[in-house]
Amino acid sequence: MSLPRTSRDPSREPLAGSAATLDNAPVTAFHRRMVAVAMGGPFCDGYLLGIMGVALSLITPALDLDTMWTGLVAASVLVGVFLGGVVFGPITDRVGRHLMYVLNLVAFVIGSALQFFVTEAWQLVVLRLFIGIAIGADYPIASALTTELVPRRMRGPALSGLVLAWWVGYGVSFWGGWLLLGTGDDAWRWMLASGAVPAVLFLLLRAGVPESPRWLASRGRVEEAREVVRRHLGQEVSAEELLAEVRQDRRGGSGLGNLAEIFRRGYGIPVLFCSLFWICQVAPAFAVRSFQPQMLESFGVTGTFGASALITTLAVAGTGLGLVVVNRIGRRPLLIGSFLCVNVSLIALTVLPLHYAALVVALFAAFQFFEAAGSGLQFVYPSELFPTDLRATGVGIATAMSRVGSASSTFLLPMATADLGVRGTLAIGVAITLIGLVVSVVLAPETKNLGLAEASSRT
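Counting with the working numbering, you get residues 782 to 1240 for the letters of the sequence shown.
Treat the hints as calculated values from the structure; they're not laboratory data.
Label-pair ranges, simulated between beta-carbon atoms:
{"id": "1", "residue 1": "L1040", "residue 2": "E1004", "range": "26 to 34 angstroms"}
{"id": "2", "residue 1": "G963", "residue 2": "A1208", "range": "36 to 44 angstroms"}
{"id": "3", "residue 1": "T964", "residue 2": "V1132", "range": "36 to 44 angstroms"}
Owing to the predicted nature of the structure, the values given are computational and were not obtained by experimental measurement. Glycine included, C-beta positions come from ideal geometry on N, C-alpha and C.
Use the sequences and the hints to build the structure in full.
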């Protein structure tokens, strides 16, 4: 069963109501600022994961980590993201975007700073679990607010840009870790605590972000919604126009975002699709990123830090490619094409005789490049396929499910590598990405150029 597809271009058709005002608004400095501010959470998430890849080799002897504790330290933040997404998605749909948008970064700053003082492995696991919850909360908040504030011509690139921010944070973490290597025995402490610095900067920028006018209207706070549109978009929208979109968007629902509403109102297939393709993207990718230097070493690559930095730089370029083409070729071709190329790269790493370090690095780079090119859809699809009053809930569920896959793969990878070897472990990645390819072919819809209410009604 596939989600309906469309090839027409509704951006050229007149829309009634607030959809016309918000979906077709000219792109302004306000919209660009909202996207830049939303990038804070993904940037911090990427930095958080990347810096652990640099620090882990120092943490292992310092805290006397065995294989199990190494996996727990690496995977704990992903478990936290699962909890944050599934718990705070519905809360965000109920209490609004703005308050949660600020509180989750406050929690991130506190948790990051406290990592400097850990003395036991369990303390680090608990803190990274806490930080992960804060990041997991940010995914549905930031994507919902961005989706509801920007016009549709900007929506695909803007949401893909959130993943680009993740990659930039991930790349910056390697250079930050390299700079902090010279701080002595406490270098790993400074590395982990350094995540608080960008979080503080983005926290200050978020102070002036308005509440989503679409969310306000869905809660009956129509005059407040009109004021947000008037103040930040410089346009007038009538109460009837706002309520018309709410009626179209809600599809007979109660307007109270919760997990039961998702399935009662017929959004089970979008939940399944978003969860599965996201899991199949991140499960192999997160595991490889967390242990990339060690995996490169197993293939005989020397200078793994420089190789990892190069691979990460190319992954950032891949995300940039996805951002550029998401509105040109559409969501569905981008997702299917990226899964196909990732699968080919992993098959080559699994079965080919690899005698040259340059070829190994090139194949790892191809894997990361093409996975990153399609990864922007992790924000685009969930944000477009759910209505306003369920958007954060839907994104939260998809985020949570994806982190089940990524946390499991990250935790199990050291043990799988010990039992199966690196090639055997990569063969599992081949199977996972093949599942993602099949799911995409069967279920991926095309939502390019659709207004939000129309995109979320195509189930």
